[in-house]
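Full structure from sequences and hints, please.
Residues in the sequence shown are numbered consecutively from 30, following our numbering.
Note that these hints are calculated values from the structure, not bench results.
There could be a bad hint or two in this list.
[As the list claims (entries may be wrong)] Straight-line Cα separation of at most 25 Å, PhoX-like style, residue types lysine-lysine; simulated pairs:
(1) K492 / K469
(2) K346 / K391
(3) K38 / K251
(4) K168 / K185
(5) K388 / K264
(6) K296 / K370
(7) K296 / K266
(8) K38 / K116
(9) K230 / K346
(10) K251 / K264
(11) K284 / K388
(12) K470 / K422
(13) K38 / K184
(14) K66 / K168
(15) K298 / K321
(16) K470 / K492
(17) K279 / K370
(18) K266 / K390
(19) K532 / K479
(20) K284 / K266
(21) K355 / K230
(22) K492 / K230
(23) K230 / K422
[As the list claims (entries may be wrong)] Derived DEER-like restraints, expressed as beta-carbon distance ranges:
(24) K298 / S426: 43 to 49 Å
(25) R325 / I188: 30 to 36 Å
(26) E360 / A85: 50 to 56 Å
(27) D176 / K391: 53 to 59 Å
(28) N36 / Q526: 55 to 61 Å
(29) E86 / Q146: 54 to 60 Å
(30) E81 / D482: 35 to 41 Å
(31) E280 / P372: 22 to 28 Å
(32) L82 / K279: 29 to 35 Å
(33) K279 / E360: 15 to 21 Å
(34) W249 / D176: 49 to 55 Å
(35) G478 / Q212: 44 to 50 Å
(36) A261 / D533: 47 to 53 Å
(37) D124 / R257: 40 to 46 Å
The beta carbon of each residue, even a glycine, is placed where N, CA and C say it ideally should be.
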Amino acid sequence: MSDDIKNFKILFVSLGNKFWSKVQISLHVLKSYILHKNNKMQINMKTFDVDELSYAEIAGQIADINPSVVCFSMHIFTNDQVMGIAKIVKELNEDIIIIVGGGVPSFEGKKLLENYQFFDICVIGLGEEVLLAILEHLKEGNYDLSDINNIMYKKKDTIVSTPIDYHYRISKADYPFLTDDLQDEEFFFFETSRGCRFGCKYCAYNMFSEKKNAIEFYKWDKIERDIRVLFALPKLKRIAFADSSIFADKERGLKLLALVNELNADKLKNKKTLIDITLNFNLMLMDIDMLKALNRTFMGFDGTSVGLQSIDNEVLKNCARPPFDKEKFLENAAILSGNGKIPINTELIFGLPGDTYEKFKKSFEFCLSDLNANAVVCFRLQVIPGSRYWDEKEKYSMNAVSHPPYSLISSPTFSAGELKNAELLSFTFELIYRIFRNIKKIVDEKCYGKKVDCYETIRDMIKEKYSHFFKIDKLIRHDVYDYMYRLTGSERELRRQLLRDMKDTVTNFVNTRMKTA
Numbered sequence: 030m031s032d033d034i035k036n037f038k039i040l041f042v043s044l045g046n047k048f049w050s051k052v053q054i055s056l057h058v059l060k061s062y063i064l065h066k067n068n069k070m071q072i073n074m075k076t077f078d079v080d081e082l083s084y085a086e087i088a089g090q091i092a093d094i095n096p097s098v099v100c101f102s103m104h105i106f107t108n109d110q111v112m113g114i115a116k117i118v119k120e121l122n123e124d125i126i127i128i129v130g131g132g133v134p135s136f137e138g139k140k141l142l143e144n145y146q147f148f149d150i151c152v153i154g155l156g157e158e159v160l161l162a163i164l165e166h167l168k169e170g171n172y173d174l175s176d177i178n179n180i181m182y183k184k185k186d187t188i189v190s191t192p193i194d195y196h197y198r199i200s201k202a203d204y205p206f207l208t209d210d211l212q213d214e215e216f217f218f219f220e221t222s223r224g225c226r227f228g229c230k231y232c233a234y235n236m237f238s239e240k241k242n243a244i245e246f247y248k249w250d251k252i253e254r255d256i257r258v259l260f261a262l263p264k265l266k267r268i269a270f271a272d273s274s275i276f277a278d279k280e281r282g283l284k285l286l287a288l289v290n291e292l293n294a295d296k297l298k299n300k301k302t303l304i305d306i307t308l309n310f311n312l313m314l315m316d317i318d319m320l321k322a323l324n325r326t327f328m329g330f331d332g333t334s335v336g337l338q339s340i341d342n343e344v345l346k347n348c349a350r351p352p353f354d355k356e357k358f359l360e361n362a363a364i365l366s367g368n369g370k371i372p373i374n375t376e377l378i379f380g381l382p383g384d385t386y387e388k389f390k391k392s393f394e395f396c397l398s399d400l401n402a403n404a405v406v407c408f409r410l411q412v413i414p415g416s417r418y419w420d421e422k423e424k425y426s427m428n429a430v431s432h433p434p435y436s437l438i439s440s441p442t443f444s445a446g447e448l449k450n451a452e453l454l455s456f457t458f459e460l461i462y463r464i465f466r467n468i469k470k471i472v473d474e475k476c477y478g479k480k481v482d483c484y485e486t487i488r489d490m491i492k493e494k495y496s497h498f499f500k501i502d503k504l505i506r507h508d509v510y511d512y513m514y515r516l517t518g519s520e521r522e523l524r525r526q527l528l529r530d531m532k533d534t535v536t537n538f539v540n541t542r543m544k545t546a
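In structure tokens:
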């Protein structure tokens, strides 16, 4: 065996920040799977806080490790980071092989390899068996990867694309969940299933499943074992389940909640910190058993994630989502919240076909006033490759950016200026929700039915007096976290000034708009 083969080192690079999980679930799953199948692999995982370190600093630390292969998980929210870091890594050491997998390479692999010389291999779709096969070939010095399905790679001056094969089944997976990279983590995403039954047109989640709109589950014994391991981690405070819905199988979902409640009860008995649980679900599809089980579960401040997207049924029909039933939604919300015991958090997408700025405001107002949601996270529509909307851009006359984050630029019903106003309105609410919660409390108490109008007024005040706050180039929530970091650190005087101006703005709004309403 040559020295090169003996010194073959693999580095998984995971990117996050202090407000988000630093260990990406995809990389952790891949590492656990590969080492179970081949324990001779030498795999290290390095996590980086992208808010604290520059791309050059991260790339320098990677190059210092001198890995043979570097693996990135590349999605819309990590696209720019991976691109910036990988480019510098390759400049520092051109012999390092860079492999990328995840959503962006799965749909844009050929474009990445053609346009960016620093990428060597793209994994298409599910990565467990594929990445293992790639690494075993490379470890043995075999650079002919043509017998491995689901990849694109460079071979001299050509790009080789191998056949797509959907045969991998997580239902057969039974490898142990490794925790060596999680000992210092406070937050981790975890999946018990893959896939989604809804087939919403804006989503590309199921594009690499053999059956569209299907869900596949891990073995229950594996899930139970893995969750017990996670609950035993010394610093973990929150587990966010990445499933499209834990109630895709009702009995399994109830069993899962019973398990996490049992484990949290043990923590309470032993005077240890409880672990928050975060879940995604469609509130209108919940029955009384599910709602009561959720109500008994400790979910903390950000525990619920209700993907409402819009309350307008024309918009929902256009994107192939179930119709909105206001009465049913509020009835189930009341049962779930248990008179305020569980805060309800919702998501909206603005810019969907048929959506308008006024329709978006009505959806936003419903969430804030009728539902009295704890938080509302709003996203500009992203026309993602692999989604049905990507194929129907001409049908709906959608103008969208052709690269990540694939954001909508304009549509016949939502102009570019209106999209920007919706984005800044969302940013204003997030800023107040995350940093100035006393302002949110005043709005909640005094502006029922006009909360969105009040936030618009605050938005316009910030645009006029603090214009630098709205120079937004990244995804909305990343900017909010950046401002959180600044306003709680180096710019505390600005925070105090902002607070005074916000209070004055709300007071004026209440004295004029609410008294005449």
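Distance restraint between K230 and K346, which requires alpha-carbon spacing of 25 Å or less: Answer holds: K230 to K346 is near 10 Å, not above 25 Å.
Query raised in the report: Is the straight-line distance between the alpha-carbon of K38 and that of K251 25 Å or less?
Result: violated (29 Å)
Check the hint pairing K279 with K370 against an upper bound of 25 Å on the C-alpha distance. The given pair, whose Cα atoms are some 23 Å apart, holds under the 25 Å limit.
* Holds or violated: are the alpha carbons of K38 and K116 at most 25 Å from each other? -> Distance ~20 Å between K38 and K116 Cα, so the pair holds.
- prompt: Given a hinted range of 15 to 21 Å, is it respected by the beta-carbon distance of K279 and E360?
  reply: Distance hint for K279, E360 holds at roughly 19 Å.
Practice item. With a cut-off of 25 Å on the C-alpha distance, tell me whether K470 and K422 pass. Key: violated (41 Å)
With respect to the beta-carbon atoms only, verify the hint that E360 and A85 lie 50 to 56 Å apart. holds (54 Å)
| Falls inside 44 to 50 Å, the C-beta gap from G478 to Q212? | holds (49 Å)
- Query: When you take the CB atoms of E81 and D482, is the distance between them in 35 to 41 Å?
  - Reply: holds (38 Å)
Below or equal to 25 Å on CA atoms is what counts here, so check K266 against K390.
violated (34 Å)
Exercise. Given the hint that K296 pairs with K370, does the C-alpha gap stay at or below 25 Å?
Worked result: This hinted pair holds, its Cα atoms lying about 20 Å apart.
Legend entry - Hinted pair K296 and K266, Cα distance within 25 Å: Holds, at roughly 12 Å.
The structure fails to meet hints 3, 5, 11, 12, 18, 22, 24, 25, 29, 32 and 34 from the earlier list, while all remaining hints are met.
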